[in-house]
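Visitor: Sequence:
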Amino acid sequence: MTKELTTFGEKTEKLDFNRVIIISTLPIKLLFEPREQFNQTIFRLINLKFNLGNDVIDRIIRYPLIESIPDQELGVKCLVSFYSRVHRDRVISQKNQLDPPTTVDAITEPPKELSGEAEFEA
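Heads up: the sequence shown begins at 1 in UniProt numbering, then just goes up one per residue.
Just so you know, these hints were derived from the structure itself, not from any lab.
In this text the structure is predicted, and so the values were computed from the model without any measurement.
A few of these clues could be false.
[Unchecked claim] As a list, the in silico DSSO-like pairs of lysine-lysine whose alpha-carbon atoms are at most 30 Å apart:
id : residue 1 : residue 2
1  : K112      : K29
2  : K49       : K29
3  : K95       : K11
4  : K49       : K95
5  : K112      : K11
6  : K29       : K95
7  : K29       : K11
8  : K29       : K14
9  : K14       : K49
10 : K11       : K49
11 : K95       : K112
12 : K14       : K95
13 : K112      : K49
14 : K14       : K112
[Stated by the list, open to error] Label pairs and their in silico Cβ distance ranges:
id : residue 1 : residue 2 : range
15 : T12       : D99       : 28 to 38 Å
16 : V86       : L65       : 10 to 20 Å
17 : D89       : K14       : 14 to 24 Å
All C-beta atoms in this analysis are idealised placements derived from N, C-alpha and C, irrespective of residue type, glycine included.
Produce the complete structure using the sequences and hints provided.
Guide: Next up, the structure:
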């Protein structure tokens with residue numbers, strides 16, 4: 001069974017590096033949540049920590065778990081694409097709002113784990 005990695009938004013559009021962030025070190029239980037519940041968790045995180053509504057998010061892509069470690073509690077990652085670079089920049093500038101160990105960063109190259117799932121503009 002192939003797992004659908006794009007949990008929110010359309011897979012047809014290419015992503016723009018200037019509008020995408022990666023959220024890392026999320027709880028491992030999020031890997032097994034249904035798409036809608038995962039999306040709501042990410043929407044809630046973005047809203048509570050950065051005061052941005054759901055309407056600013058274009059796409060959410062949940063990473064597959066590459067390497068499983070027994071009793072692992074953290075390790076889920078996802079890409080979040082915003083409609084505007086302004087929203088991405090706001091999240092990056094306020095990334096210290098997140099509770100450790102969860103982090104948020106800009107990306108500069110396509111993640112290998114998402115090969116075939118996320119195409120980026122050249």
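Visitor: Look at each hint and say if it fits the structure.
Guide: We went through each hint and held it up to the structure:
no. : hint                     : verdict
1   : K112 with K29            : holds, 23 Å
2   : K49 with K29             : holds, 20 Å
3   : K95 with K11             : holds, 26 Å
4   : K49 with K95             : holds, 9 Å
5   : K112 with K11            : holds, 17 Å
6   : K29 with K95             : holds, 22 Å
7   : K29 with K11             : holds, 24 Å
8   : K29 with K14             : holds, 29 Å
9   : K14 with K49             : holds, 27 Å
10  : K11 with K49             : holds, 26 Å
11  : K95 with K112            : holds, 24 Å
12  : K14 with K95             : holds, 25 Å
13  : K112 with K49            : holds, 28 Å
14  : K14 with K112            : holds, 16 Å
15  : T12 with D99: 28 to 38 Å : holds, 34 Å
16  : V86 with L65: 10 to 20 Å : violated, 32 Å
17  : D89 with K14: 14 to 24 Å : holds, 20 Å
Figure legend: structure checked against the earlier numbered hints; the only hint not met is number 16.
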